[in-house]
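A.B. asks: Protein chains in written order, with my numbering: chain A, 7 to 168; chain B, 7 to 168; chain C, 7 to 168; chain D, 7 to 168; chain E, 7 to 168; chain F, 7 to 168.
Don't read these hints as lab results, they were simulated from the structure.
Since no wrong hints were added, every one of them can be taken at face value.
Listed next, the in silico EDC-like pairs over lysine to aspartate or glutamate satisfying Cα-Cα at most 16 Å (straight line):
#: 1; chain 1: B; residue 1: K34; chain 2: B; residue 2: D159
#: 2; chain 1: F; residue 1: K30; chain 2: C; residue 2: E90
#: 3; chain 1: B; residue 1: K156; chain 2: A; residue 2: D137
#: 4; chain 1: B; residue 1: K34; chain 2: E; residue 2: D26
#: 5; chain 1: E; residue 1: K34; chain 2: E; residue 2: D159
#: 6; chain 1: A; residue 1: K34; chain 2: C; residue 2: D26
#: 7; chain 1: D; residue 1: K30; chain 2: E; residue 2: E90
#: 8; chain 1: A; residue 1: K30; chain 2: F; residue 2: E90
#: 9; chain 1: B; residue 1: K34; chain 2: B; residue 2: E90
#: 10; chain 1: C; residue 1: K34; chain 2: C; residue 2: D159
#: 11; chain 1: D; residue 1: K156; chain 2: C; residue 2: D137
#: 12; chain 1: B; residue 1: K30; chain 2: D; residue 2: E90
#: 13; chain 1: D; residue 1: K34; chain 2: B; residue 2: D26
#: 14; chain 1: E; residue 1: K34; chain 2: D; residue 2: D26
#: 15; chain 1: F; residue 1: K156; chain 2: E; residue 2: D137
#: 16; chain 1: A; residue 1: K156; chain 2: B; residue 2: D137
#: 17; chain 1: E; residue 1: K30; chain 2: B; residue 2: E90
#: 18; chain 1: A; residue 1: K34; chain 2: A; residue 2: E90
#: 19; chain 1: C; residue 1: K30; chain 2: A; residue 2: E90
#: 20; chain 1: E; residue 1: K156; chain 2: F; residue 2: D137
#: 21; chain 1: C; residue 1: K34; chain 2: F; residue 2: D26
#: 22; chain 1: C; residue 1: K34; chain 2: C; residue 2: E90
#: 23; chain 1: A; residue 1: K156; chain 2: A; residue 2: D26
#: 24; chain 1: C; residue 1: K156; chain 2: D; residue 2: D137
For each label pair, taking beta carbons as the anchor points, the in silico distance ranges come out as:
#: 25; chain 1: E; residue 1: D159; chain 2: B; residue 2: I96; range: 39 to 45 Å
#: 26; chain 1: E; residue 1: G158; chain 2: D; residue 2: P32; range: 23 to 29 Å
#: 27; chain 1: D; residue 1: E103; chain 2: B; residue 2: G100; range: 52 to 58 Å
Coverage of chain B stretches by chain A, computed from C-beta distances (three or more under 8 Å per stretch; other residues unrestricted):
#: 28; region: 66 to 77
#: 29; region: 107 to 121
#: 30; region: 126 to 133
#: 31; region: 139 to 146
Note that beta-carbon positions come from the ideal geometry of N, C-alpha and C, so glycine has one too.
There are 6 protein chains.
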Amino acid sequence: MTMEQPFTHVDSTGKLRMVDVTPKRPTKRRAYAGCVVRTVADLAALGPSANGLDPVHAARLAGIQAAKQTANLIPLCHPLDLNEVQVEVIANAGRIEISATVAATHRTGVEMEALTACAFAALSIVSSLVDVDPNAQIDDLVLLRKTGGKSGDWGRLVDAPS
Amino acid sequence: MTMEQPFTHVDSTGKLRMVDVTPKRPTKRRAYAGCVVRTVADLAALGPSANGLDPVHAARLAGIQAAKQTANLIPLCHPLDLNEVQVEVIANAGRIEISATVAATHRTGVEMEALTACAFAALSIVSSLVDVDPNAQIDDLVLLRKTGGKSGDWGRLVDAPS
Amino acid sequence: MTMEQPFTHVDSTGKLRMVDVTPKRPTKRRAYAGCVVRTVADLAALGPSANGLDPVHAARLAGIQAAKQTANLIPLCHPLDLNEVQVEVIANAGRIEISATVAATHRTGVEMEALTACAFAALSIVSSLVDVDPNAQIDDLVLLRKTGGKSGDWGRLVDAPS
Amino acid sequence: MTMEQPFTHVDSTGKLRMVDVTPKRPTKRRAYAGCVVRTVADLAALGPSANGLDPVHAARLAGIQAAKQTANLIPLCHPLDLNEVQVEVIANAGRIEISATVAATHRTGVEMEALTACAFAALSIVSSLVDVDPNAQIDDLVLLRKTGGKSGDWGRLVDAPS
Amino acid sequence: MTMEQPFTHVDSTGKLRMVDVTPKRPTKRRAYAGCVVRTVADLAALGPSANGLDPVHAARLAGIQAAKQTANLIPLCHPLDLNEVQVEVIANAGRIEISATVAATHRTGVEMEALTACAFAALSIVSSLVDVDPNAQIDDLVLLRKTGGKSGDWGRLVDAPS
Amino acid sequence: MTMEQPFTHVDSTGKLRMVDVTPKRPTKRRAYAGCVVRTVADLAALGPSANGLDPVHAARLAGIQAAKQTANLIPLCHPLDLNEVQVEVIANAGRIEISATVAATHRTGVEMEALTACAFAALSIVSSLVDVDPNAQIDDLVLLRKTGGKSGDWGRLVDAPS
Numbered sequence: 007m008t009m010e011q012p013f014t015h016v017d018s019t020g021k022l023r024m025v026d027v028t029p030k031r032p033t034k035r036r037a038y039a040g041c042v043v044r045t046v047a048d049l050a051a052l053g054p055s056a057n058g059l060d061p062v063h064a065a066r067l068a069g070i071q072a073a074k075q076t077a078n079l080i081p082l083c084h085p086l087d088l089n090e091v092q093v094e095v096i097a098n099a100g101r102i103e104i105s106a107t108v109a110a111t112h113r114t115g116v117e118m119e120a121l122t123a124c125a126f127a128a129l130s131i132v133s134s135l136v137d138v139d140p141n142a143q144i145d146d147l148v149l150l151r152k153t154g155g156k157s158g159d160w161g162r163l164v165d166a167p168s
Numbered sequence: 007m008t009m010e011q012p013f014t015h016v017d018s019t020g021k022l023r024m025v026d027v028t029p030k031r032p033t034k035r036r037a038y039a040g041c042v043v044r045t046v047a048d049l050a051a052l053g054p055s056a057n058g059l060d061p062v063h064a065a066r067l068a069g070i071q072a073a074k075q076t077a078n079l080i081p082l083c084h085p086l087d088l089n090e091v092q093v094e095v096i097a098n099a100g101r102i103e104i105s106a107t108v109a110a111t112h113r114t115g116v117e118m119e120a121l122t123a124c125a126f127a128a129l130s131i132v133s134s135l136v137d138v139d140p141n142a143q144i145d146d147l148v149l150l151r152k153t154g155g156k157s158g159d160w161g162r163l164v165d166a167p168s
Numbered sequence: 007m008t009m010e011q012p013f014t015h016v017d018s019t020g021k022l023r024m025v026d027v028t029p030k031r032p033t034k035r036r037a038y039a040g041c042v043v044r045t046v047a048d049l050a051a052l053g054p055s056a057n058g059l060d061p062v063h064a065a066r067l068a069g070i071q072a073a074k075q076t077a078n079l080i081p082l083c084h085p086l087d088l089n090e091v092q093v094e095v096i097a098n099a100g101r102i103e104i105s106a107t108v109a110a111t112h113r114t115g116v117e118m119e120a121l122t123a124c125a126f127a128a129l130s131i132v133s134s135l136v137d138v139d140p141n142a143q144i145d146d147l148v149l150l151r152k153t154g155g156k157s158g159d160w161g162r163l164v165d166a167p168s
Numbered sequence: 007m008t009m010e011q012p013f014t015h016v017d018s019t020g021k022l023r024m025v026d027v028t029p030k031r032p033t034k035r036r037a038y039a040g041c042v043v044r045t046v047a048d049l050a051a052l053g054p055s056a057n058g059l060d061p062v063h064a065a066r067l068a069g070i071q072a073a074k075q076t077a078n079l080i081p082l083c084h085p086l087d088l089n090e091v092q093v094e095v096i097a098n099a100g101r102i103e104i105s106a107t108v109a110a111t112h113r114t115g116v117e118m119e120a121l122t123a124c125a126f127a128a129l130s131i132v133s134s135l136v137d138v139d140p141n142a143q144i145d146d147l148v149l150l151r152k153t154g155g156k157s158g159d160w161g162r163l164v165d166a167p168s
Numbered sequence: 007m008t009m010e011q012p013f014t015h016v017d018s019t020g021k022l023r024m025v026d027v028t029p030k031r032p033t034k035r036r037a038y039a040g041c042v043v044r045t046v047a048d049l050a051a052l053g054p055s056a057n058g059l060d061p062v063h064a065a066r067l068a069g070i071q072a073a074k075q076t077a078n079l080i081p082l083c084h085p086l087d088l089n090e091v092q093v094e095v096i097a098n099a100g101r102i103e104i105s106a107t108v109a110a111t112h113r114t115g116v117e118m119e120a121l122t123a124c125a126f127a128a129l130s131i132v133s134s135l136v137d138v139d140p141n142a143q144i145d146d147l148v149l150l151r152k153t154g155g156k157s158g159d160w161g162r163l164v165d166a167p168s
Numbered sequence: 007m008t009m010e011q012p013f014t015h016v017d018s019t020g021k022l023r024m025v026d027v028t029p030k031r032p033t034k035r036r037a038y039a040g041c042v043v044r045t046v047a048d049l050a051a052l053g054p055s056a057n058g059l060d061p062v063h064a065a066r067l068a069g070i071q072a073a074k075q076t077a078n079l080i081p082l083c084h085p086l087d088l089n090e091v092q093v094e095v096i097a098n099a100g101r102i103e104i105s106a107t108v109a110a111t112h113r114t115g116v117e118m119e120a121l122t123a124c125a126f127a128a129l130s131i132v133s134s135l136v137d138v139d140p141n142a143q144i145d146d147l148v149l150l151r152k153t154g155g156k157s158g159d160w161g162r163l164v165d166a167p168s
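Extracted from the complex, chain A is given alone in its bound form (with noise of 0.2 Å):
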């Protein structure tokens, strides 16, 4: 990938604008997605004996609607139907991973709504801990992978989340 290409959400003019999708044919749509929130705070800990654990259960719903919340959060992104929406947590001790998949049948893409899946989730842990660790800080908030579109499947090189 060079840098020739063109911002296709900025015009030449340098204005913002929802790009006009309808030329294209829905197609299959996926894209991955994760971050990790770093925290002294040990929520694993809480984990085996507490069969609620429901940070994690609150993390993972908060990503899952979060995600269909992305069109009316950015204001780049079309509106569009789901067909899955899946986010997994991982809490080790200091080190809580997080990762998302979201399918669609679409003209568009999914990757804002695999990040901002992985961003509320992520948002969700700290909500939780916040109290305990203000110094929680969330990283690596990146798409790993996608498929579908005209533009063909894409994975990131290097190992994400580090």
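Since chain A is already given, all that's left is putting chains B, C, D, E and F on it; use the hints.
C.D. replies: Using the frame of chain A, we list chains B, C, D, E and F on its own:
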């Protein structure tokens, strides 16, 4: 701060709860958060000549609007009126720095609102350049400082965002 | 129907998921639901002379609008475009009967949308009379019939709402 | 309580209104509501071994989130900040009991918020099992108790939910 | 009023901001706005015999519900609790007059809430008749009067809506 | 067009309905709408030197975001995915001209989406200057043109906005 502090959002059986803040008095609260977007796309190159530079404006507005939706997106958060939301976006080559300030006069803090504003300003930036640089990455999403409330003022010790 | 059928919204580890419907083809779906509000308040008495009778109108509109929000409110539900929403409210003395029809051309059914429309029409009615009759009660909120989809048509055997 | 009391949400011409509460002083309000889901599906069977049991978690979170949306969904309801939302879900064989508590310091009561929380926790449960038991039924959605406000405390006389 | 007054929503560098209202005390605020829908469609003809006349009811409810969403839709607006929303719709032949009153006890005014209520009541009317009269036009959407707040009471000099 | 055409959103008993569009085939639809904001405030004066001119950017983004919320705000409107939303704002002294284009491939038209985009871009502009010019007025909010759908293309005869 020690890890002896309880997770206030989780009750003794491990179940998540939206804490009862009825006994608290409303006080002036303020929180500052920040994050960075790392990218090989040169958002700044659009800048001086492009008196629109809409991606940056869109990001600031997306952050402001997302802050108002925090309680709708994060299960633990109390809905609350906000006195102020400010989002700053500084587009350097390869590194876009985002910060947010949120204020309220309320029974609970506005940490999550500030973090949410940063996250969505960053996601809005990423949505502008994801076609050009699908490797764009959001990092160092952290609380920087908070004031007000019973637990008093708090500031992040280490320099952030790094 | 036997209980051997799986809970499709729960995976083999017991984790809730928003099921992937990508392989399904969009088909015409329709669902009918109903419920009753039992109350000693005489909503019907407002009727003939009050050519406004706003509580009933409000209820119908609240049901229509809520149907569109179903996926935002129920974590498992797929967001989808709706072809039609109809809500009927029949105010008898002491018993207000509510029914809803929802249609879509989609990969998933619209059962939850029809139930949500009924629930919110009923809640809107209750909000009109809760000061007069705080004992008002919503009952018999059930799916009545559905058509379309792989599992075929289904109708409730017993008379409902009773 | 007699039926002489006016419908406060309807003016003298029968038109619905969102009542002006400007003259009222904010006071501490609390409301409790409940409902049941009747089903032949054995949600409880998923329980002891499945430390996820996501349908119950999802229901609790759906109820919490819906409570915050009450004013957006019910035309008569005033938007208000909430101090607390708690939703309990007890899954017995064939009968799932749901209750909700909502608190606010406000000019209006939170009865509708508590009822809305119950309704959506129940609908979320139903969405988990509708493929297994389309006859699942929501009943006895009632206000159980309220405290605070000019009209004083109130409790349902009969045992509810029955 | 002179044009020397600053645009309070724009800072010295021309950047939009959601103004910090922390130092302000909550006071009782009220705003009145109005607009007209001009149309050759005879909405009034539906009236006397049609005790439903839903388009007018729908318009009033759409206005009430939109007022609550003002801050979610207008980036500059502070989210706030509303004490009252009233929307009136008078359907004359060829000219439908809409007015709205909004009240709050808050740090900021409710001018935009009243204007938003009128706009959406009018848009709801237009949605009812756009197939019959695509030339329907919304005009004279103006603030009529406001009370409360530091800047004091204000009323529009000219007769409006004309 | 004659007035013999029925109000399609009202059934034979005068009750509003969200029309069933199931039998319709999705086709490419596009609608253009416009309006003006009249004001003595000189928004344009902020322009050349202020490379931010945020009120205009905010207005464009507010219009884009509001278009996506149309069905949530107007009871009659079908929820639908949008292919494109464009909002233009031209700030002249004393007169700000707003236009919007919305496209979808759907069973229903996007007239209301285009009108909603204009209305909210205009309201966002008004929110920027209401403190300076409370007499600011929104006028000539009209549909300009639509293409696609069974009823065919349509264009406003008179010059609009005037």
